[in-house]
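Chemist: Given next are the chains, with one letter for each unit.
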Amino acid sequence: MNTSIDSTTHQTSDSRQTLITRPDFAAIAAWITPQSSVLDLGCGDGTLLRYLQTNLNVYGYGVEIDAQNVLACFENGVNVIQSDLESGLSGFESGSFDYVILSQTLQAMKNTEKIILEMLRVGKEGIVSFPNFGYWRNRVQVLSGHMPVTPGLPYQWYNTPNIHLCTLHDFEALCSQHHINILERRVMNSNKKIRLLPSLWGTLAFYRFSRKDGSE
Amino acid sequence: MSDSQSIGIVVPEQMQFQTPLALKSGAVLDSYTLTYETYGRLNAAKSNAVLICHALSGNHHVAGVYADDPRNAGWWNNMVGPSKAIDTEKYFVIGINNLGGCHGSTGPISINPMTGKPFGADFPLVTTDDWAETYIHFADKLGIDRFAAVVGGSLGGMSAMQLTLNAPERVRHAVVIAAAAKLTAQNIAFNDVARQAILTDPDFHGGDYYSHHTLPKRGLRLARMLGHITYLSDDSMASKFGRELRNGSLSFNYDIEFEIESYLRYQGDKFANRFDANTYLLMTKALDYFDPAAQYDGNLSQAFSHTKANFLVISFSSDWRFPPERSRSIVKALLDNKRHVSYAEIPSSHGHDSFLMQDAYYHQLMRAYMNNIMV
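For the protein sequence lines, the chains are A and B, in the order given.
The numbering of the first sequence is the UniProt record's numbering, which starts it at 1 and goes up by one.
The numbering of the second sequence is the UniProt record's numbering, which starts it at 1 and goes up by one.
Think of the hints as simulated: they come from the structure by calculation, not from any bench.
Just so you know, even glycine gets a beta-carbon here, dropped at the ideal spot from N, CA and C.
A hint or two may mislead.
To spell it out: a stretch of chain A is covered by chain B in this simulated footprint if at least three of its residues, at any positions, have a beta carbon under 8 Å from a beta carbon of chain B; those stretches are [unchecked claim]:
1) 59 to 67
2) 70 to 76
3) 84 to 94
Over the 12 Å line for every Cβ pair with chain B, so calculated as not near, a few chain A residues [stated by the list, open to error]:
4) 97
5) 142
6) 155
7) 176
8) 185
9) 213
Just need the whole structure built from these sequences, with the hints factored in.
Modeler: See below:
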C-alpha cells in the first residue's frame with residue numbers, strides 16, 4: 001500500500017529524507033521506543049522498517065505479499081517474510097514483538113477483525129493507520145450521491161482495494177467491543193496534526209492500542 | 001544472462017585429509033579426498049568465501065565449463081559467475097563434491113586402502129552432519145574462519161542448515177532453497193521405492209557390482225525416473241508433454257508411445273550412465289536421516305537456538321516434494337529465536353526443480369540478498 005520510492009537507497013541520510021516525505025511514517029516512528037522489536041505488516045518496500053532500524057536501532061521483520069515489494073525489501077536490507085496477512089499471523093509466536101504495525105492496510109483487508117486481534121496476540125501493542133472515511137469531503141461527496149474520490153481515497157468504487165473503510169468512531173467502537181485499550185490517537189491531514197474536530201477534518205488516523213488487562 | 005557472463009574454463013582440484021573422520025554412523029574413515037572447484041578470488045581477509053552445497057545428484061561442478069568438455073556447464077551456471085546473482089567478482093565461490101559422492105571425492109567407487117578394491121557396499125553411510133564436518137576441515141585448510149554465505153537447494157539446503165547448526169560461528173549467512181527441516185513419510189517412501197529399484201536389480205550384487213564388472217543400470221534408471229517425476233509438477237509435465245504421442249497414433253504395445261515416456265526413459269538412461277548406484281542410495285539415506293529437531297524432542301525452534309547465521313529461505317509455489325509450508329516451518333523456528341531471516345515464496349510452475357531454473361525474479365532476489373552481504 002506504500003507508494004514506491006527509490007528502493008536502492010542505502011544511506012541513513014536518504015532514509016531520513018524519505019521519512020520527511022512520508023509524514024504518516026514519521027507519526028508511527030514517533031511512537032516506537034528505540035531498541036524495541038517491531039513487526040511491520042504490509043511493509044511495502046520496507047522503507048519504514050529500514051528507517052526504524054537505522055535510526056531507532058529497532059529489530060524486526062516486515063510481512064508482505066507482493067513479490068515486487070518483497071524484492072524491494074531485500075534491496076533495502078530489511079528482513080521480510082512473504083506471507084498473506086489474510087491467513088493470520090500463525091508463523092509468529094504470541095507476545096513476540098513490542099509493536100505490530102499495520103500502516104494503511106486495514107481498510108483493504110477482508111479479515112479486518114481477525115488481523116487486529118492477531119496483532120495483539122503477537123505484539124504487546126498494535127499501531128494502525130487508515131484513511132478516515134468521515135473526512136468532510138468524503139461526507140459531502142456521499143451526500144451529493146457519489147462514492148467519495150479524494151486524495152486520501154483516490155480510487156473509483158469499481159477499482160478500489162479499500163473494502164473496509166471506517167470512521168474514527170467506527171474504529172473506536174470496534175476496539176471497545178473487543179476490549180482493546182486505545183493508548184494514543186493521532187489524526188492528520190497532509191502534514192498537519194488535526195486537534196479540532198478530527199473526525200471531520202482528518203484524512204488519516206493513527207492509533208496505538210493494547211489489550212485491556214486480563215482480556216484475551 | 002548470456003554465456004559471456006560464464007566463469008569460463010574451470011579446473012577441478014582435490015584436497016587430501018589424513019586425519020581420521022569419525023562418522024555419525026560410528027564408522028571411521030582413516031583418510032579421504034574431497035574434489036572441489038573454486039571460482040573468483042579469496043580476498044586477503046578471507047571473508048568472501050561462499051560455499052555451494054549440492055543436491056542429491058549434484059557435484060562440485062557448479063559453474064563454468066571444462067576445457068576438454070565445453071558443453072558440460074556447471075549445474076548452477078545460471079546463478080554463479082561474473083556479475084551473476086552469486087557474483088564471482090565479489091565472492092570466492094566453492095563447490096565441493098560431498099563425501100560419498102561419485103565425482104572424485106571419496107565414495108563407494110573409490111579404492112578402499114584396506115582391500116585395494118572399491119569400497120562398494122563397505123562404504124559407510126554418511127549424513128549431513130558428516131558433510132558439515134568435512135566442510136569445516138576444508139575451510140580450515142584454506143584458512144577460512146567464516147563463510148560469508150553457505151548456499152544450497154534441496155539436500156544442499158539441508159547441508160547448509162546443518163553447517164549453521166554444527167558450526168554456528170563459521171557461517172554468516174545461510175541461503176536455504178527448496179528444502180525442508182526433515183522428510184515426511186511420503187518423502188521417505190519415494191526414496192525407498194528408488195532404493196528398492198536399485199537394491200533388487202540383479203546386477204546390484206549387494207553393492208559390489210564393480211567386481212562383477214557390471215552396473216545396476218535398470219534399478220538406477222527406475223530410481224531416477226521416479227525421482228524425476230517428483231521433481232517436476234503436474235502442470236509443467238502437462239504443458240511440456242501433455243498426452244502427445246510419439247508417432248501420432250496408438251500402437252497397442254509397450255514401446256514408447258507417449259512423449260512423457262520417451263522423456264523419462266531418456267533421463268533415466270542418461271543418469272544411469274553417469275551416476276553411481278551406491279552413491280545414489282547413500283544420498284537418499286542422507287536425506288531421510290536429516291532431522292535436526294530429533295535430538296530436541298522434535299522441537300525445531302530449540303534446534304535452531306544454537307545458530308548464529310542470518311538466513312534467507314526460499315520456496316517455490318509448485319514444489320510438492322518440499323512445498324512452501326515446509327520452508328515456512330524453518331522460518332518459524334528462526335523467528336522463534338529472533339534470528340535475522342527473510343522468506344520468499346516464488347511463483348513457479350517447474351516443481352522442485354525450480355531452484356535450478358533461470359527465473360528472473362528468483363535471480364533478482366538472490367542477487368539483492370547477496371549484494372547486501374558485506375565482505
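Chemist: If a hint holds in the structure, say so; if it doesn't, say that too.
Modeler: Outcome of the hint check:
no.: 1; hint: 59 to 67; verdict: holds (count 3)
no.: 2; hint: 70 to 76; verdict: holds (count 5)
no.: 3; hint: 84 to 94; verdict: holds (count 3)
no.: 4; hint: 97; verdict: 10 Å, violated
no.: 5; hint: 142; verdict: 39 Å, holds
no.: 6; hint: 155; verdict: 26 Å, holds
no.: 7; hint: 176; verdict: 32 Å, holds
no.: 8; hint: 185; verdict: 30 Å, holds
no.: 9; hint: 213; verdict: 26 Å, holds
Hint compliance for this structure: hint 4 is the single one not met.
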